[in-house]
Amino acid sequence: MNGGTIEAPTIEYALLAPMLIVFGAAIIGVLVEAFAPRHLRKAIHMPLTLVALLGAFLLTILQAVRDGVPTTPAAMGAVAVDGPALFIWGIILILAFVSTLLINDDEQFVAQAAAVPGSNDEEEAVRSGYAQTEVYPLLLFSVGGMLLFPAANDLLVMFVALEVLSLPLYLLCGLARRRRLLSQEASLKYFLLGAFSSAFFLYGTALIYGYAGSIDLRAISSSLGTVAGQDTLLYIGTALLGVGLLFKIGAAPFQAWKPDVYQGAPTAVTALMASTVLVAAFGAVLRVFWVALGNLDWDWRPVMWGVAILTMVVGAILAITQTEIKRMLAYSSIAHAGFLLTGVIATGAVEQNRDALSAILFYLAAYGFTTVGAFAVVTMVRDAGGEAGHLSRWAGLGKRAPVLAGIFAFFLLAFAGIPLTSGFFGKYAVFSAAVASDALPLVVVGVVSSAIAAFFYVRVIVLMFFSEPAADGPSVAVPTVGTSAVVALAAAATVVLGVFPEPVLSLADQAASALFVR
Amino acid sequence: MTTHYLVLSALLFAIGGIGVLVRRNAIVVFMCVELMLNACNLAFVTFARQHGNLDGQLIAFFVMVVAAAEVVIGLAIIVMIFRTRRSASVDDANLLKY
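Those protein sequence lines, which keep their order, are chains E and D.
As numbered in the numbering used here, residues 17 to 534 make up the first sequence, in order.
As numbered in the numbering used here, residues 16 to 113 make up the second sequence, in order.
Certain hints may be false.
[Stated by the list, open to error] Selected chain E positions facing chain D (Cβ under 10 Å, derived; list incomplete):
hint : residue
1    : LEU183
2    : TYR186
3    : GLY280
[As the list claims (entries may be wrong)] Simulated restraints on C-beta separations:
hint : chain 1 : residue 1 : chain 2 : residue 2 : range
4    : E       : GLN128    : D       : LEU73     : 37 to 45 Å
5    : D       : MET79     : E       : HIS55     : 36 to 44 Å
6    : D       : PHE77     : E       : THR339    : 39 to 47 Å
7    : D       : ARG100    : E       : PHE481    : 36 to 44 Å
8    : D       : ARG101    : E       : GLU28     : 31 to 39 Å
[To be verified] Stretch-level coverage of chain E by chain D, calculated; a stretch enters the list once three of its residues show a Cβ under 8 Å from a Cβ in chain D:
hint : segment
9    : 174-180
10   : 194-202
11   : 206-214
12   : 223-232
13   : 315-327
Hints are computed from structural coordinates only; laboratory data are not their basis.
Source: prediction; values computed, not measured.
Beta carbons: idealized from backbone N, C-alpha and C, even for Gly.
Just need the whole structure built from these sequences, with the hints factored in.
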């Protein structure tokens with residue numbers, strides 16, 4: 017503080033525009049909740065949300081095309097809008113747009129969250145046709161946090177983004193229209209475990225700040241070689257940071273929340289969480305472990321090996337024992353987090369890092385679309401009490417609704433990584449990057465757990481097509497325009513990325529070519 | 016001499032962490048999380064003193080705001096559960112398993 021003058025910070029508003037649009041629309045959404053009459057709210061929220069997400073997406077593309085990739089962090093070094101960040105923003109925004117079409121379905125959300133389940137209040141609320149239209153601004157706030165999280169260039173911004181991302185999601189999880197006890201329980205569990213893990217993240221930040229004297233990722237990186245005698249702080253700090261981040265991606269041993277939350281949350285919200293949060297969280301994991309702690313890779317890599325192996329094995333094996341479709345997809349998502357972690361470990365020389373990064377980016381795009389599609393199908397298979405979650409209810413679906421069951425089977429094959437689906441190229445790219453960095457044992461475990469995973473995917477397909485439908489089996493709801501658009505889009509993306517992956521692969525290559533800005 | 020403060024902060028963090036794991040009432044669990052956040056604040060402020068820069072004190076303010084936001088969300092969820100089940104015990108919320 018010399019001279020008493022404080023310079024005003026410079027903020028590159030143009031670079032941050034996609035994020036600002038999303039946050040701006042969220043705030044307008046809150047105002048709509050406050051001032052618009054009840055019957056108009058949804059009609060205002062819906063276009064506002066979609067236009068904001070689409071606008072932000074187009075701006076992201078425009079930025080990447082017109083201005084190229086910036087070489088310095090924006091906003092006084094707080095936010096890094098670089099190639100990987102722009103690519104991740106693109107995926108998140110398009111997936112959020114698609115999920116919004118699902119969330120628009122009236123059947124998904126509770127009429128009045130404050131009404132106790134089974135009470136007269138609830139009946140009254142349902143009869144009056146109330147709706148919790150707050151889901152739209154909550155969704156936008158959460159998406160805003162997801163955009164900031166992988167682009168954060170210091171640990172404080174990352175922590176704030178983590179909370180902005182998570183807090184609306186905790187609430188959204190508790191708003192299911194049917195099976196409200198499950199939904200509320202999912203919300204409580206997610207909240208308590210999420211708050212617990214973010215406390216770990218924060219204490220890790222504190223210790224690393226103590227070590228490096230700064231929370232800037234670049235400053236942390238350059239302090240690694242210069243600070244002496246404080247290694248305990250650094251190691252414990254790294255471990256705690258890792259706990260917070262690995263919790264968000266649902267890596268074992270921090271995966272316990274995932275099946276519970278995925279099952280209890282409204283399926284449209286599960287679709288949003290399962291796709292976009294994973295994308296955002298991997299962006300942040302990469303930034304912390306590659307940019308800030310990249311020179312420490314000899315120390316964190318063995319631990320990450322263990323985590324990756326455990327995650328793949330736990331995800332694949334526990335998925336076999338599941339009898340609930342959403343829980344099964346949750347364990348499958350845990351296994352996929354493990355496959356992606358093999359890419360995070362595959363560091364080496366610059367060229368190697370590029371390959372690994374572009375593989376992860378492509379995998380995230382492919383996996384995100386397939387996931388949204390799979391959960392969209394789950395919303396359509398219903399019986400009297402809402403969605404038919406139990407696997408036995410899905411028996412013979414192929415005879416009742418051949419098209420829907422066929423599409424779902426296709427998504428499952430993509431999860432399993434069968435050639436001609438997007439999952440194949442994703443897995444191939446990540447595993448070949450891992451092989452190139454001498455992580456062969458990891459790839460062997462990965463391939464074996466893929467094979468185990470393929471077993472339970474195929475089991476569902478067999479169940480759908482080769483068993484007799486139950487007499488009182490679930491009906492397939494006539495999909496709304498939004499839901500069918502989501503399924504069609506996801507199926508198209510899975511086919512195109514599987515048959516003709518070249519454009520997206522080269523886009524991912526370009527995004528990864530300059531790695532992360534420092 | 017900032018070591019004492021760091022030890023205190025580590026102790027608070029550990030007490031909070033153990034509390035989250037052993038206590039059964041959701042409100043108490045949540046208070047333990049808040050204790051952990053405050054332990055972080057103490058560590059930040061101590062390190063700011065040690066390094067002679069203001070970053071740590073600045074972070075402490077952000078953490079307070081985030082913690083306040085978390086309280087709003089958390090209490091809403093816990094009250095919702097309590098009204099439904101007439102209990103805030105985390106052991107009673109056991110429908111989702113296996």
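Consistency of the hints with the structure:
The criterion of a C-beta within 10 Å of any C-beta in chain D is met by LEU183 of chain E, whose closest approach is roughly 5 Å, and the hint holds. Interface restraint check for TYR186 of chain E: the shortest CB-CB distance to chain D comes to about 6 Å, inside 10 Å, so the restraint holds. Checking GLY280 of chain E against chain D by beta carbon gives a least distance of about 6 Å; that is within 10 Å, so the hint holds. For the pair GLN128 of chain E and LEU73 of chain D, the beta carbons lie near 41 Å from each other, so the given range of 37 to 45 Å is met.
Evaluation of the 36 to 44 Å hint for MET79 of chain D and HIS55 of chain E yields a pass: the beta carbon distance comes to about 40 Å. Separated by about 44 Å at the C-beta atoms, PHE77 of chain D and THR339 of chain E satisfy the suggested range of 39 to 47 Å. At about 41 Å, the CB distance of ARG100 of chain D to PHE481 of chain E agrees with the hint of 36 to 44 Å. Distance hint for ARG101 of chain D and GLU28 of chain E: a CB-CB separation of about 53 Å, inconsistent with the stated range 31 to 39 Å.
For the segment 174-180 of chain E, the stated coverage by chain D is satisfied: 3 residues place a CB nearer than 8 Å to a CB of that chain, which reaches the threshold of 3. Only when three residues or more bring their CB closer than 8 Å to a CB of chain D does the claim for the segment 194-202 of chain E stand; here the count is 6, and the claim holds. With 4 residues bearing a CB less than 8 Å from a CB of chain D, the segment 206-214 of chain E meets the requirement of three and the coverage assertion stands. Figure legend: the segment 223-232 of chain E, annotated as covered by chain D; annotation consistent (6 residues with Cβ-Cβ distances under 8 Å, at least 3 required).
Check on the segment 315-327 of chain E: 0 of its residues sit with their Cβ under 8 Å from a Cβ of chain D, so the three-residue criterion for coverage is violated.
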